[in-house]
Structures are given as C-alpha cells and as structure tokens.
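Peer 1: As a plain string of letters, each chain reads:
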Amino acid sequence: MSELELEDRARFEQLVMPHVDAAFNLARWLLRGRADAEDVAQEALLRACRFFRGFHGGDARAWLLQIVRNTCYTWLEKNRPMELSMEFNEEIHLQACATPETLAIAGDDRGRLIVALESLPPRFREVLVLRELEGCSYKEIAAITSIPIGTVMSSLSRARRQLYSALANFAHKGAVREV
Amino acid sequence: MKCEFADSLLQGYFDGELSGRRTAEFERHLQHCAHCSAELVDLDMVSGMLRLTPLYQPAPVSLRRKIDAYLRPIEPAAPTSQPFPWQWLATAAALLLVAIVIWRVSPELRNDDYQAELAGEIVEAHLRALQPGHMNGVASANVGVVKEWFDAKIKFALPVRDFAKAGFALNGGRMDVIEGRSVAVLVYEHNGRPINVFIWATREPDTPPRAGYRQGFQWVDWRKDNMEFCAVSDADPADLELLQQLINSSV
Chain A
1 MSELELEDRA RFEQLVMPHV DAAFNLARWL LRGRADAEDV AQEALLRACR
51 FFRGFHGGDA RAWLLQIVRN TCYTWLEKNR PMELSMEFNE EIHLQACATP
101 ETLAIAGDDR GRLIVALESL PPRFREVLVL RELEGCSYKE IAAITSIPIG
151 TVMSSLSRAR RQLYSALANF AHKGAVREV
Chain B
1 MKCEFADSLL QGYFDGELSG RRTAEFERHL QHCAHCSAEL VDLDMVSGML
51 RLTPLYQPAP VSLRRKIDAY LRPIEPAAPT SQPFPWQWLA TAAALLLVAI
101 VIWRVSPELR NDDYQAELAG EIVEAHLRAL QPGHMNGVAS ANVGVVKEWF
151 DAKIKFALPV RDFAKAGFAL NGGRMDVIEG RSVAVLVYEH NGRPINVFIW
201 ATREPDTPPR AGYRQGFQWV DWRKDNMEFC AVSDADPADL ELLQQLINSS
251 V
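These protein sequences, in sequence, are chains A and B. So the first sequence is numbered by my numbering: it starts at 1 and just counts up by one. So the second sequence is numbered by my numbering: it starts at 1 and just counts up by one.
Hints are computed from structural coordinates only; laboratory data are not their basis.
Computed list of lysine-lysine pairs in BS3-like fashion (alpha-carbon distance at most 30 Å, straight line):
# : chain 1 : residue 1 : chain 2 : residue 2
1 : B       : 224       : B       : 66
2 : B       : 155       : B       : 224
3 : B       : 2         : A       : 139
4 : B       : 66        : A       : 78
Isolated chain A (complex conformation) (with noise of 0.2 Å):
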C-alpha cells in the first residue's frame, strides 16, 4: 500500500477501523440502500486511508463520519440531485416511499419507522441517526455535518416532529399496504 507506512497503517487499524459500522450505518441512512452505501462507505473509507496523515488525533469517529457524510452528499449530488433539493413533503415522501418493497415492510411497526424515517429530507435524517442511533453529542453532530450547534438543536426539533407526523399519518391512513 503505498498511502499509508506500515505505522499509520497500524493506527489507521487501530483507530479508524473500529468505526467502520458507524461509516455504513450513516451512509445506509443517508443514501437508503444498502448496495449504494457498501460502495460509498467504500469509497469514504479509502479516502480517510489517503488523507489519514492529515488525521492529528481527536475524535477518530468523528473525523471519519465527516468524510463520509461528504462522501454521501456528493454522490447523492451526482446521482439523485432532485432528493438534495426536495423539502419535506408528506404527500410526495410517502407516495415516493411506496414502493412494492417498502409497503411489504411497512406492514409492522419497524417497517412503518423505516419509512417514515426514509422520508425525511436527508438533512434531518442524519441528525436524527447521528443523535439516536450512533448516540452523537451535538458537539459532535456539529464537527460531522460541518453546521454550527444552534442548528444542529432546531434541526433536531425539526426532524423529530416531522418524523412524529409522519408517524401519525401512518396511523391516520391506517394500513398503507391495502392502498
């Protein structure tokens, strides 16, 4: 390998493969598919490989999210620009969700979360993974998504209340899948 020495290789492994679900959990969400985020985690993780030298200690998980979240929101630039631009809409968002496949998860209560987390605007969903799922301080929300802490509380707000409704308009419409 010609990036890295032998000795960052040992620390790359030491520090930065310990978060390696963390960088494909955050792509999972951010791109919601598993094929899509197993190659750009991929791509996110060689380049942490590449720029590891630049890596002076710190918050390893952190630093390495960062790249992958940038990671995520070019490739989502490049090949899904209209989802980047789109503001929450629970009409569209749930009609847009409703595939064959998401409507057979949909059926149980973890399949119903799934889309309605899968419909908020990815700007939402990743505070709501990085706070809930990876258990992130805002400090910490505030390095990987390169946004200041004030923000990261309204969007927090933000994205659990639409996420709330989102909830109840599932139990509104009742089953969804016998649309």
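For this one, chain A is given, so just place chain B on it according to the hints.
Peer 2: Here is chain B on its own, set in the frame of chain A:
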C-alpha cells in the same frame, strides 16, 4: 401556541446537553409552559422508538474485507537476478518472502477456490430448479410436513423454519446433488422470487457468512453447528443477508 424555546432549549434539555444552571432555568420554565411539557412527551416517544427499534445497520462482512485487502495487499515477489555474491542472499530472501506470503494467504486462497467451485455447482443446481416441473420434492408451507418429508432422507436435524412474517415464506423442500453428495434444499419465496437454501452436514468448524455473485445470482455460504448452508437467489443481496441472519439465529 408554539413556545419560543421549543426549537432550542427544549431539545437541549431533552438531550441532556444543557449546563446545570440552564437546566434549572428550563425546569422552572417547564412548570408553567404547557406547550413544552406536551412536546416533551412526544419527544420521548419518537426518541424512544428510534432507540428501541433495531435500526442500526452494521457493515457487511464484504465491506470490511475490501478495506482489509486495500490495507494489506499481497507483496509482489522481489526479482532474483542479482549478481554474485548477492545472488544467494537475494534468492534466500525471495524464498523466505514467498514462504511467508504462502503461509499467510494460502488457507484463504484454498478457501476461495473451494467457495468458487461450490458456488458454481450450487448456482447450476439453482438454475436447474428454476426449470418448470423440476420441483420433485415436497411443496408445502407447513413446517411439520416439510420436516417429516426430509426425516427419512437425511441423517441430521434439518432446521426447517418458516419466516413468512419476515417476508420469506417457506415453499417446500427437495433433495439435490452437489459435489457428489446429496444435500437438502429448503425453498423460500421472497417478493415472488425463489430462494434455494442448500444444507448439508459437515465436520468443519463454524464460519461467518461469505457472499458472492455468479451468473447473475447472489449466494451466501456459512457453517454453523456441523451444517453448511448456502443460500442462492437473484434477490437483492440485502434480502439474502436478512434470510441468512434469520436462519442462523434459528439454528
């Protein structure tokens, strides 16, 4: 009416991100703000659901393997045509390097050859099974019926399970021949696509799942409790991985 603190202090309070002084201040506010108190209940519900539902998606084994391969590539052998007197030293060093490389990677290589060969045969069998009229086993979604059908044919306890609730309905089973030995095949259906799970007894130790792709089909192979499993389908790899996890946790 919405409270001005709902988008800021309320979240910070809920997430335990406020300082001691601000926490105390906000608690005084909560005592007379009906809006924030009500929001707090909703927050607790949404956050609780996200935390208690298994949503976290760990990285697939294949991703780790690709990164490992990038971090630890196989070193190329050094050229040996050095002029005397270094020649013997160079030869010895090259031999040592080759020995180390073989020692480090050969079990892996042999394993990959085995996997590739096995996958080839299993994909062939899967293709045969897709031909109309091939189903010469038992067609039933009843676990008891399928189990009983296999009982006389194999000598180990086949884990016959139905995962219809998770979207993988048991369709039946049959016997097939892979690498000269007869193996049990459980047939599942997912989104209208058949998934064949080949199962046979083995004395090899347990191994984590390995996945691959061949002739347009996805396969996952793993060993557990003296059984080897190989699931094949043209379904989404993630679906195959899910079925693998369901079967594995039921063994």
